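Visitor: Listed here are the chains, written in short residue letters.
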Amino acid sequence: MDEEFESGVVKKFMYVNRKAPYGTIYALEVLEMVLISAAFDQDVHMAFLDDGVYQIKKGQDPMSGAGMKNFSPTYRALEGYDIEKLYVEQESLEERGLTEADLLVPVEVLSRADMAKLMGEMDVILGG
Amino acid sequence: MDEEFESGVVKKFMYVNRKAPYGTIYALEVLEMVLISAAFDQDVHMAFLDDGVYQIKKGQDPMSGAGMKNFSPTYRALEGYDIEKLYVEQESLEERGLTEADLLVPVEVLSRADMAKLMGEMDVILGG
Amino acid sequence: MSTLHTVNKSPFERANLDACLGHALPGDAILLIEDGVFAAMKATNLAARMTDAAKTFKLYALAADLKARGMDPANVVDGCTVVDYAGFVDLAAANSAVNAWL
Amino acid sequence: MSTLHTVNKSPFERANLDACLGHALPGDAILLIEDGVFAAMKATNLAARMTDAAKTFKLYALAADLKARGMDPANVVDGCTVVDYAGFVDLAAANSAVNAWL
Amino acid sequence: MKFGILVNEGPYNHQASDSAYQFAKAALEKGHEIYRVFFYYDGVYNANKFGEPPTDDRNVTRNWQKLAEQYKLDMVVCVAAGLRRGIVDSTLAEGFRISGLGQLIEAGIQADRLMAFGD
Amino acid sequence: MKFGILVNEGPYNHQASDSAYQFAKAALEKGHEIYRVFFYYDGVYNANKFGEPPTDDRNVTRNWQKLAEQYKLDMVVCVAAGLRRGIVDSTLAEGFRISGLGQLIEAGIQADRLMAFGD
Chain E
1 MDEEFESGVV
11 KKFMYVNRKA
21 PYGTIYALEV
31 LEMVLISAAF
41 DQDVHMAFLD
51 DGVYQIKKGQ
61 DPMSGAGMKN
71 FSPTYRALEG
81 YDIEKLYVEQ
91 ESLEERGLTE
101 ADLLVPVEVL
111 SRADMAKLMG
121 EMDVILGG
Chain F
129 MDEEFESGVV
139 KKFMYVNRKA
149 PYGTIYALEV
159 LEMVLISAAF
169 DQDVHMAFLD
179 DGVYQIKKGQ
189 DPMSGAGMKN
199 FSPTYRALEG
209 YDIEKLYVEQ
219 ESLEERGLTE
229 ADLLVPVEVL
239 SRADMAKLMG
249 EMDVILGG
Chain U
257 MSTLHTVNKS
267 PFERANLDAC
277 LGHALPGDAI
287 LLIEDGVFAA
297 MKATNLAARM
307 TDAAKTFKLY
317 ALAADLKARG
327 MDPANVVDGC
337 TVVDYAGFVD
347 LAAANSAVNA
357 WL
Chain G
359 MSTLHTVNKS
369 PFERANLDAC
379 LGHALPGDAI
389 LLIEDGVFAA
399 MKATNLAARM
409 TDAAKTFKLY
419 ALAADLKARG
429 MDPANVVDGC
439 TVVDYAGFVD
449 LAAANSAVNA
459 WL
Chain S
461 MKFGILVNEG
471 PYNHQASDSA
481 YQFAKAALEK
491 GHEIYRVFFY
501 YDGVYNANKF
511 GEPPTDDRNV
521 TRNWQKLAEQ
531 YKLDMVVCVA
541 AGLRRGIVDS
551 TLAEGFRISG
561 LGQLIEAGIQ
571 ADRLMAFGD
Chain V
580 MKFGILVNEG
590 PYNHQASDSA
600 YQFAKAALEK
610 GHEIYRVFFY
620 YDGVYNANKF
630 GEPPTDDRNV
640 TRNWQKLAEQ
650 YKLDMVVCVA
660 AGLRRGIVDS
670 TLAEGFRISG
680 LGQLIEAGIQ
690 ADRLMAFGD
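So the sequences go chain by chain: E, F, U, G, S and V.
Here the first sequence stands for residues 1 to 128, where the numbers follow the working numbering.
Here the second sequence stands for residues 129 to 256, where the numbers follow the working numbering.
Here the third sequence stands for residues 257 to 358, where the numbers follow the working numbering.
Here the fourth sequence stands for residues 359 to 460, where the numbers follow the working numbering.
Here the fifth sequence stands for residues 461 to 579, where the numbers follow the working numbering.
Here the sixth sequence stands for residues 580 to 698, where the numbers follow the working numbering.
Heads up, some of the hints might be wrong.
[Stated by the list, open to error] Keeping only pairs whose Cα atoms sit at most 35 Å apart, straight-line, the calculated DSBU-like set for lysine-lysine is:
{"no.": "1", "chain 1": "F", "residue 1": "K139", "chain 2": "G", "residue 2": "K413"}
{"no.": "2", "chain 1": "E", "residue 1": "K11", "chain 2": "V", "residue 2": "K609"}
{"no.": "3", "chain 1": "V", "residue 1": "K581", "chain 2": "G", "residue 2": "K413"}
{"no.": "4", "chain 1": "E", "residue 1": "K69", "chain 2": "V", "residue 2": "K628"}
{"no.": "5", "chain 1": "S", "residue 1": "K485", "chain 2": "S", "residue 2": "K526"}
{"no.": "6", "chain 1": "G", "residue 1": "K400", "chain 2": "E", "residue 2": "K117"}
{"no.": "7", "chain 1": "F", "residue 1": "K185", "chain 2": "G", "residue 2": "K400"}
{"no.": "8", "chain 1": "S", "residue 1": "K462", "chain 2": "S", "residue 2": "K526"}
{"no.": "9", "chain 1": "V", "residue 1": "K645", "chain 2": "F", "residue 2": "K185"}
{"no.": "10", "chain 1": "E", "residue 1": "K69", "chain 2": "E", "residue 2": "K57"}
{"no.": "11", "chain 1": "F", "residue 1": "K140", "chain 2": "S", "residue 2": "K485"}
{"no.": "12", "chain 1": "V", "residue 1": "K645", "chain 2": "S", "residue 2": "K509"}
{"no.": "13", "chain 1": "S", "residue 1": "K509", "chain 2": "F", "residue 2": "K197"}
{"no.": "14", "chain 1": "U", "residue 1": "K314", "chain 2": "S", "residue 2": "K490"}
{"no.": "15", "chain 1": "V", "residue 1": "K581", "chain 2": "E", "residue 2": "K117"}
{"no.": "16", "chain 1": "S", "residue 1": "K490", "chain 2": "E", "residue 2": "K69"}
{"no.": "17", "chain 1": "V", "residue 1": "K604", "chain 2": "V", "residue 2": "K651"}
{"no.": "18", "chain 1": "S", "residue 1": "K509", "chain 2": "S", "residue 2": "K490"}
{"no.": "19", "chain 1": "F", "residue 1": "K139", "chain 2": "F", "residue 2": "K245"}
What the hints contain is simulated information worked out from the structure, not anything from laboratory work.
These numbers come from a predicted model, not from an experiment.
Whole structure, please, built from the sequences with the hints as guidance.
Guide: Given below as structure tokens:
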């Protein structure tokens, strides 16, 4: 890594996931961003709201019928990269009839108002 | 043209325009389809509904500021290709605060119910 | 004369399903595919509307796309039939035209 | 600390504007660009909501994208300011972060 | 029954091409005929011969090529949409051919059903 | 002020790349700096050297190239997204370079504002 990254600049990054997996590639390619960012020692946050909550739904099986790669196990691997700040919006879950028990990773559930507040504290916001 | 097209098969084609121009290319590339289809002596219908009604809004000027080609004059040229069945949905206009006077081509304004009925009579439905 | 309508977008993100429901004719078939399958699920805040729609239209959802997203085919709204790709082909053949709400 | 939010999708087709309005903080700037500019117009069935939003947020619309679509910059809702690309740059510089609602 | 297939989006970014492929495969396996597969809009990118997805994922272009080989499919890339986006002779994958939009209209006329897959 | 620019969609099909270009141009004309322009997702197609839009329309790839030349912009195409979609050395337009996603994160750290344009 370049030495400039040893300068100690630490920014609050948020990866905002608002899209469902498989219909489009954004969920998958955002994950690739997130994994790379782990190497930069930044303060990484992942937010799941709107259809983004479907990304971490348990029991995904895109291979057998739709013929697509199942990348959902990667969310479980994030912890190994020290990416542990995962936030899910309560209202988004409710609208879709989902609960925390449906999710494949441990997350912090936030109200929409608290999610908005958290977003407001970020330096860099990236999504798909 | 292949001789099979002289067999006299005439189908009802409908080009459904539901997307705004410039934000995406669909409006422009659907028009290219429509122009080609004129050569095939089919029964061509163009429907403008939802954000598609913006495609035929008067006064478009995408070049001066956004740097994109203004293709809206092509709608006026359709008549020259004997494409004259243009339908616009009343409810779609109203939701957007538009009236027939805002449109750059003569059209038949249909209620949503009548548009639905017309769609139900088509053989081939294409959109963008 | 009847039409098979396909809807491939999430009802929470796009207006495609609304547009389809507003233009399909009674007795037409509506097949939810790709991200459209979320609209088929019983527990969402759209479920009452979809159960209702299934009384006017023949409502279907694609099994492969439900399974891809971890949606249990057993939990679709009443009146919705889950079909595989062969069933999708049959629906396209059985109706006289196909209208993809893209 | 304030954020510039950008919305580039039609409010009639997508839920992006709703998502933005649901998460922007009072005093934040919201800039409508591309197909998002339709939400700025006075005569739509969303106008009351947008006039209201302009009281909580600083609401802007991009001139180039209004003109592209034949939307008269004089007909935006009360409280909405029309800016050019230089103004877009100024807004990005004046706020401490940018959140694109894609 | 004869089906025409229209693919409106490129590979990977949208599921459209995968859905079209699965539909075509199922139709062929049921004994139906595919009159033509036409690639329009960003759909032309499906014919980019340089695409190399990760080996643990499907290869959308190769899926189409294999199906076309097995069933002698006619896969047509729109010349105008392709030129705009840089899908031309030098980037075209085997099994695809470049032709005009008329080939799509023809498919609409000749096929019993035209199936569109897009965004 | 230093801006980073992220382009998420390909040329023509979406306005995203045009908007990003107009923003970058306006920022540079006001005397700001563009730290880097990064092309991700379908945005990698902006760097396809074979694209030839109709002559009465803008050429998105050429717009970027000219701006880059005038202002010495660093334009980076994501290697993984590009490989998946077939934007590789043999299709890469002049003025662009291929590199890893780390270059985007770096832009996020080094730039004062990161501007994303997409669908």
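Visitor: Run every hint past the structure and note whether it holds.
Guide: Here's how the hints hold up against the structure:
1. With a C-alpha separation of about 53 Å, the suggested pair F/K139 and G/K413 falls outside the 35 Å cut-off, and the hint is violated.
2. Our distance criterion of 35 Å between C-alpha atoms is met by E/K11 and V/K609, whose separation comes to about 26 Å.
3. A C-alpha spacing of about 31 Å is found between V/K581 and G/K413, which places the hinted pair at or below 35 Å, so the restraint holds.
4. With a C-alpha separation of about 30 Å, the suggested pairing of E/K69 with V/K628 holds against the 35 Å cut-off.
5. Distance check on the hinted pair: S/K485 and S/K526 sit about 11 Å apart at the alpha-carbon level, within 35 Å; holds.
6. Distance check on the hinted pair: G/K400 and E/K117 sit about 30 Å apart at the alpha-carbon level, within 35 Å; holds.
7. At roughly 16 Å between alpha-carbon atoms, F/K185 and G/K400 fall within 35 Å of each other, so this suggested pair holds.
8. Our distance criterion of 35 Å between C-alpha atoms is met by S/K462 and S/K526, whose separation comes to about 20 Å.
9. About 33 Å separates the Cα atoms of V/K645 and F/K185, which keeps this hinted pair within 35 Å; it holds.
10. Between the alpha carbons of E/K69 and E/K57 the distance comes to roughly 15 Å, so the proposed pair stays at or under 35 Å and holds.
11. Distance hint between F/K140 and S/K485 is fulfilled; the C-alpha atoms sit about 28 Å from each other, no more than 35 Å.
12. Distance hint between V/K645 and S/K509 is fulfilled; the C-alpha atoms sit about 28 Å from each other, no more than 35 Å.
13. In summary, the hint linking S/K509 to F/K197 is supported, as the alpha carbons are separated by about 30 Å, within the 35 Å threshold.
14. This hinted pair checks out: U/K314 and S/K490 have alpha carbons roughly 23 Å apart, not beyond 35 Å.
15. Simply put, V/K581 and E/K117 have alpha-carbon atoms about 26 Å apart, close enough for the 35 Å limit, and the pair holds.
16. A hinted pair counts as satisfied when its Cα atoms are at most 35 Å apart, and S/K490 with E/K69 qualifies at roughly 26 Å.
17. Between V/K604 and V/K651 the alpha-carbon distance is near 12 Å, which keeps this suggested pair within the 35 Å criterion.
18. Only pairs whose Cα atoms come within 35 Å are accepted, and S/K509 paired with S/K490 is accepted, the gap being roughly 30 Å.
19. Among the hinted pairs, F/K139 with F/K245 is consistent with the structure: their alpha-carbon atoms are about 17 Å apart, no more than 35 Å.
The structure fails to meet hint 1 from the earlier list, while all remaining hints are met.
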